[in-house]
Structures are given as C-alpha cells and as structure tokens.
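Given only the sequences and the hints, what does the whole structure look like? Please build it.
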Amino acid sequence: MAEQAHASPKTKNNKIGAFLSSKKVVPYIFVLPFFLSFSILTLYPAINGIIMSFRQILPGVVENVGFENYARVFNLNFYDALWNTVIYVFWTTMLLTVVPMLLAIFLNSKTIKLKTIFRASLFVPALTSTIVGGMIFRLMFSESSSAIGNQLMSLIGLGPIEWRYSAITAMFLMVVLAFWRWTGVNLLYYLAALQNISESLYEQADIDGASAWDKLRLITIPHLKPITVFVSTITIINGFRMFEESFVYWEATSPGNIGLTIVGYIYQQGVGQNDLGFGAAIGVVLMIIIFIISTIYLGITGTFGKGNNK
Amino acid sequence: MNRKTLLLLTTTAFFVSACANDGETGTSTDEVETIGSDAENAEEITLWTFAPQHIDLYGDAAERWNEEFPDRPIDLVAETYPFEQMHNNLLLAVQSGTGLPDIVDIELGQYPNFMEGIIQFEPMNEYVEPILDKVVDSRYELYSRDGNYYGIPTHVGATVMYYNTEIMDEAGVDIDEIVTWDDFVEAGKQVVENTDSTMWNVGTEDWLMDMWPMISQRDSDAIDENGEVILDNEANVETLQFLYDALYVDEIAELTPGGMNQSEEFYGYFLDEGSASILAPLWYMGRFVDNMPDLEGKIAIRPMPAWKEGGNRSAGMGGTGTVVTKAADNVELSKEFLAYAKMSEEANINLWTILGFDPPRFDTWESEEVRNPDNVYYEYFGDNIFDVLLDVRDEINTLNVTADTPNVINEYHTHVTFNVLRNRTETPKEALERSAKVVRSLQRD
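Chains as they are written, first to last, in the working numbering: chain A, 1 to 310; chain B, 1 to 445.
These are computed hints drawn from the structure, not numbers from a lab. Don't be surprised by glycine CBs; every beta carbon is placed ideally from N, CA and C. A couple of the hints might just be wrong.
[Unchecked claim] Some, not all, of what chain A presents toward chain B, calculated at C-beta under 8 angstroms:
| hint | residue |
| --- | --- |
| 1 | Gly60 |
| 2 | Asn75 |
| 3 | Leu76 |
| 4 | Asn77 |
| 5 | Tyr165 |
| 6 | Thr253 |
| 7 | Gln273 |
| 8 | Asn274 |
If you want it as structure tokens, here you go:
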C-alpha cells in the first residue's frame with residue numbers, strides 16, 4: 001500500500017499516484033476541470049466586466065469614470081429593453097413549462113404509438129442554431145402575402161400582416177422562435193422526471209377509484225414540482241439573457257424598439273457604438289436583476305430550505 | 001428527484017446550450033488582392049476596405065505608382081471585409097493597438113468612433129493644406145479634428161433629385177420649374193392626379209436620403225458645431241412635419257418600400273414606376289446603373305428643391321474617409337501613396353471614371369477626362385451631371401458628425417420614423433424631443 005512506498009526512490013511515481021488517488025484528493029481532481037473552466041471563462045471575465053463598467057474605454061485612453069456609466073443606463077431606451085425582456089420572459093416561462101409538461105405526460109402514456117418519433121422530432125429544433133432557425137422563421141413571417149404566415153392568416157380571413165413592424169406580432173415572433181427551439185429540451189427533462197414517479201402510486205389511486213384528472217392533479221403534477229422549478233428557473237434566466245431571437249429578425253435596431261432586449265442593448269451600445277464601459281454597466285445591471293428575480297422566485301417556490309430534508 | 005439527476009440535467013443543459021451557441025461570424029476576409037511589384041525591395045502596404053469596388057481605384061494607383069517610381073516600388077495587399085466586421089475589427093485593433101493595417105477605409109457614420117481617445121491615425125495636413133482651395137472643403141472638414149486632417153474623402157456625395165422623365169412628361173410637369181419644396185409638392189399633386197405613380201418616397205430607415213440632407217440644406221443639423229444635440233429644434237420639427245405632410249396631408253409620397261431606397265424591394269418598385277423621383281446623393285447613380293438598368297435614358301438629374309428661392313440646393317451625404325494608421329510600417333510612404341491614390345488630379349479623375357463618384361477636387365470637374373462622353377453614367381443620365389454639381393458647389397454645408405451621430409441615426413430609424421411616419425402615434429415635435437432626450441442622456445460628460 002502507499003504507506004510503505006516511501007522506502008525507495010523508485011517508488012516516487014507510485015507515491016504521487018497514490019496521493020492523487022487517495023480519497024481526500026480525488027474529489028478535488030474531479031471537480032478541478034469545472035473550476036478551471038469556470039474561473040477562466042466565467043469568473044475572470046465577470047470580474048473584469050464589473051471593473052470595466054466603471055471605466056471609459058477609448059483607444060489609448062482608459063479612465064475611471066466612477067458611476068457615470070450607471071447614471072446613463074436608466075434612459076428611455078433601457079426601459080423599452082427591460083419591458084420587452086420582462087414580457088418575453090413571462091410568455092416563454094408560461095409556454096415552456098406548461099406545454100412541455102403536458103406533452104411529456106401524453107408521450108409517457110402507454111396508449112400513444114410512435115412515441116420515439118414524436119420525441120425525436122420535438123427535440124430536433126434544439127440541435128439547430130437560433131440564427132439558422134430564425135432565418136427560416138423570418139422568411140415564413142415576411143411581409144409578402146405569399147409567405148406562410150400570411151397565407152395562414154388569409155385562411156382565417158385576415159389580410160397580410162407586417163409581422164416585424166408592430167409590437168404584438170414582434171413579441172409573437174420572438175416567443176414562437178424560442179418556444180419552437182426549447183420545447184424539446186424541456187420535454188426531455190419532464191420525461192426523465194416522469195420515470196421517477198412510482199407506478200405503485202397510480203395503482204393505489206386506481207384502487208381508490210381516482211379519475212385520470214385526479215391522478216394528474218394529485219400525483220403527477222406535485223411530483224413534477226422540482227423539475228418544474230428547475231425548468232422555469234432556467235427559462236427565466238435564459239429569457240433575460242435573450243439576444244439571438246431578436247437579432248435574427250432585426251439585428252441591432254428595430255422599429256420603435258419593439259425587438260430591443262437588454263442584451264441587444266448591450267450589443268448595440270457596447271460594440272456598435274464603441275462604448276464598452278457603458279455596455280458593461282448595462283450587463284452588471286442585468287446581472288443584478290437576474291440575481292434578484294431568481295432569488296425571489298426560488299424563495300417563493302421553497303427551494304432554499306429543501307436541501308436538509310433530502 | 002435527487003441531486004444526481006439534477007446534476008445530470010444541468011450538465012446536459014450546459015452541453016446543449018454550448019452546442020447551440022455556435023457563432024456565425026468568422027474572422028476570415030472575403031478577399032485578399034495583391035497588386036504591385038514583386039521586386040525584392042518593394043515595400044508592402046496593407047489596406048482594409050469594406051467596399052470591394054474601392055480596390056479598383058487603389059489597384060490602379062499602385063500600378064501607376066510602380067511605373068512612375070520604379071526605384072521605390074510598392075506591393076499593395078488589399079483586404080475586403082464585410083461592412084460591420086471590418087469596422088468592429090478595426091475598433092478592436094485600435095483599442096488593443098495591434099493588428100492595424102497601414103491604410104484603411106472608414107465609413108462616415110462609423111468614423112466618430114475612431115476620433116475618441118488618443119487618435120491612432122496620422123494627420124495628412126502636409127498633403128491636404130496645399131490643395132484646400134481646389135476641393136469641396138466641407139468634405140475634408142468632416143474627417144478632421146482640432147485642425148488635423150485625418151481622413152481623405154472619396155466623394156462629395158452631393159445630394160440631388162433624380163426624376164423619372166417619362167412620368168413627369170405624362171403628368172405635364174416641367175422639372176426645371178421645380179425650384180422650391182413648395183413647387184415640388186405642387187408638381188407632386190399633378191403627378192398623382194395625372195399618372196398611376198406617386199411623386200416621391202419617404203424612408204423609415206433612410207436618414208441620409210431625406211431628413212438629414214433636408215435639414216442640412218436649411219443650415220440645421222442634428223448636432224451643432226459645439227456638439228450640442230439640436231435634433232428637436234424648430235427647423236427640424238418643421239422638416240419632419242413636411243415629410244409627414246407629403247405622406248398624409250398632400251399625399252404626394254409613400255413610405256419607401258423596404259424602408260430604404262437601397263433595397264431590393266425599392267428597386268423593383270421604382271422600375272415599375274411606383275414613384276417618380278428619388279432624393280439621393282450623386283453616388284446613388286451606381287445603384288441605378290447596377291440595379292435599375294432598364295431606366296437608362298429616362299432619368300434626369302436636377303438640384304434639390306430649396307426651402308426658399310435662393311436657398312441651398314444640395315447637401316453632402318454619406319462617405320468614406322481613408323486614413324493612414326500610426327502603426328503603419330512606413331508611415332511616410334503610406335501617406336504619400338494615399339495622397340497619390342485619392343488626392344491627386346489623376347486620382348480624382350479616376351474616382352469618376354472608375355467608380356462614378358463626384359470627386360472632391362472641383363478643378364477636375366471640367367477636365368477633358370471627366371467630360372469625356374464615352375462613359376456609362378453620361379449614357380444613362382445625360383451629360384449635365386457636372387454642370388449640376390458646379391451649380392450647387394457652394395451650397396453644401398458641413399455636417400456635424402460627433403460621437404453622438406450614431407445614436408441620432410439609431411433614434412431616427414427606430415423611434416422617430418416608426419412613431420411619426422409609420423404609426424402616426426406621435427407628433428414630429430414629441431418624437432424629436434423624446435429622441436433628443438435619449439441622445440442627450442447617453443452623452444458622456
């Protein structure tokens with residue numbers, strides 16, 4: 001064993017090997033890659049971003065400007081961006097929790113045939129990039145009356161719509177793109193969670209004479225709660241970080257700011273207008289918003305106290 | 001659900017999102033062209049541009065240079081990038097101080113971004129000052145800061161009115177009678193009444209095709225010479241009201257299809273005689289020749305209508321300033337070559353004959369080479385192009401372009417046109433005041 005190895009220099013390698021595989025060290029080695037990539041790719045840029053938000057960065061001149069960038073953040077366009085983002089988060093969170101949950105329950109039921117085909121086809125959109133998928137959506141919802149979107153509208157007797165030029169249809173376009181793309185992923189989470197619900201619960205419910213609705217309401221949905229919290233939390237966070245779904249329709253600027261999101265605003269000001277410090281300040285404000293909202297949300301859903309009970 | 005499942009789910013989510021975030025921008029150039037001498041002592045000059053046609057001009061200059069100065073040969077390496085990518089790359093190079101080319105083309109709207117901090121470009125004063133009395137100096141002023149001339153302009157960009165003469169004849173309008181904007185509106189009413197076309201188009205994403213030239217010609221601007229935002233001043237509110245009236249009160253105009261007159265939608269519409277006139281700089285001639293060849297011989301060029309008789313009849317719009325960077329391997333040679341390629345008489349003649357631009361040096365406007373009728377633009381538009389230009393030469397105001405300019409353009413395209421011209425939910429005054437407020441609140445101290 002390792003304890004005897006110190007006797008000879010030949011066994012030095014063994015010693016290191018033994019040290020590395022000792023129970024105290026191994027866990028750290030396993031988590032090391034994560035911490036390395038986290039510190040290099042996330043923590044370091046994040047800290048730098050915070051420092052940058054107090055600076056004005058110009059060619060050859062970097063000066064500290066205190067809170068000046070923050071003083072400029074809260075302007076009318078930022079409020080437009082914030083409002084759009086909040087509405088977008090609301091709709092995506094609603095749709096991307098309820099619909100995948102129901103789909104998962106359907107696809108999990110024994111009566112449905114060709115389940116794997118349904119599952120696969122619902123998951124495929126997640127494998128494309130938003131930009132590529134979005135370009136197709138953009139064509140489908142173009143202004144011309146021959147585009148698919150407007151053809152459908154004419155079926156229900158409505159004239160061609162300029163989808164990208166009004167606030168409501170603009171929001172619809174962004175939400176529908178996110179919905180199309182992420183339903184399959186969330187569906188997988190729910191399918192996995194459904195496998196964890198014990199069959200015996202349903203058998204017992206059958207004996208007690210419960211209806212299908214009762215079983216759904218009293219067994220399935222409560223047991224899915226942890227995964228619902230998880231899915232809705234990542235949807236909220238992803239919603240606040242949304243960028244591509246807007247960029248693909250309007251790039252950096254949209255008429256009347258109907259497609260402007262907070263991250264879009266960072267891009268527009270930070271990169272497009274060469275105001276990196278200001279962009280960083282918007283980013284820090286966004287980080288604070290996400291932090292507060294997720295904390296409140298996890299608090300309401302009771303996620304914090306739970307660790308001890310398990 | 002236990003923690004392991006949660007961990008598994010989170011890692012899956014991470015991988016899925018990681019796979020999905022494949023960016024769509026590369027750093028590769030569209031094209032690299034090497035023009036010049038393979039002699040061993042040839043100095044290499046690197047050049048970036050976003051407009052591939054500009055390379056024809058520089059390439060021609062490099063060849064002439066090597067013939068004229070065989071003892072100092074140069075080897076020009078010209079790289080073309082897409083518009084946004086080139087400017088973003090250049091910003092990063094300027095910020096970090098590495099990877100800069102020797103010479104680079106910068107678009108006017110992007111130019112202010114490079115005039116902040118310590119300017120990383122070489123002043124061209126020794127070449128500019130001797131010829132200042134032979135050029136439309138407002139175009140040189142655009143790219144200057146504190147008495148230093150950095151960018152060399154590519155054209156005057158004189159804004160003119162292009163009329164479809166067939167429609168005008170059908171409507172019974174004599175375009176030489178259109179002197180003021182009021183005349184223009186009257187003529188427009190005649191066109192609308194007597195033909196199937198409308199008179200004109202107002203763009204929703206076309207700041208420099210209507211609003212900007214029209215406020216510039218009445219001595220206003222979005223930003224004054226002291227850098228104050230005056231987007232919401234009285235002249236500008238009146239001008240926007242004029243655009244609104246053209247659309248909804250006098251009904252002589254429609255919103256530009258595609259939002260701007262440099263769009264496929266618009267080219268098709270104008271070919272179909274959707275409207276009878278286009279307000280645009282002279283460099284828009286290239287768009288006619290390339291995208292609307294069927295209208296050859298049917299388009300006439302006239303000065304812009306003035307706000308009042310005797311008022312300014314043009315404005316200089318758009319542009320590219322070419323600079324030599326401080327990082328250039330051989331600064332003096334690069335400057336000399338840039339002057340040779342864009343500022344000499346020969347170069348200005350080439351700006352016209354090769355690119356169809358109205359060259360900034362007006363001493364070339366009457367030269368034999370420029371007046372040579374064997375030219376695609378004369379064939380298309382008739383031979384009065386430079387007469388119009390000489391006529392309006394002194395009626396072009398300098399634009400005030402500052403770090404706030406990109407924000408102004410952004411506000412005009414996103415807020416003002418959308419709420420005033422498209423949705424009609426705000427008055428010109430309300431919209432311009434709101435936008436001016438946003439631009440002011442974004443200003444740095």
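Consistency of the hints with the structure:
Here the hint on A:Gly60 is kept, as its CB sits about 3 angstroms from the closest CB of chain B, short of 8 angstroms. Checking A:Asn75 against chain B: minimum C-beta separation of about 4 angstroms stays under 8 angstroms; hint holds. Proximity of A:Leu76 to chain B holds as hinted, the smallest CB-CB distance being about 5 angstroms (cut-off 8 angstroms). With 8 angstroms as the threshold, the beta carbon of A:Asn77 comes within range of chain B, its nearest partner Cβ sitting at about 6 angstroms, so the hint holds.
Of the supplied interface hints, the one on A:Tyr165 holds, with its beta-carbon coming within about 7 angstroms of a beta-carbon of chain B, less than 8 angstroms. Interface hint status for A:Thr253: upheld, as the beta-carbon distance to the closest one in chain B is roughly 5 angstroms, under 8 angstroms. Contact between A:Gln273 and chain B, as hinted, is supported at the beta carbon level, the nearest pair being about 5 angstroms apart and thus within 8 angstroms. Hint on A:Asn274 holds. Least Cβ distance to chain B is approximately 4 angstroms, under the 8 angstroms limit.
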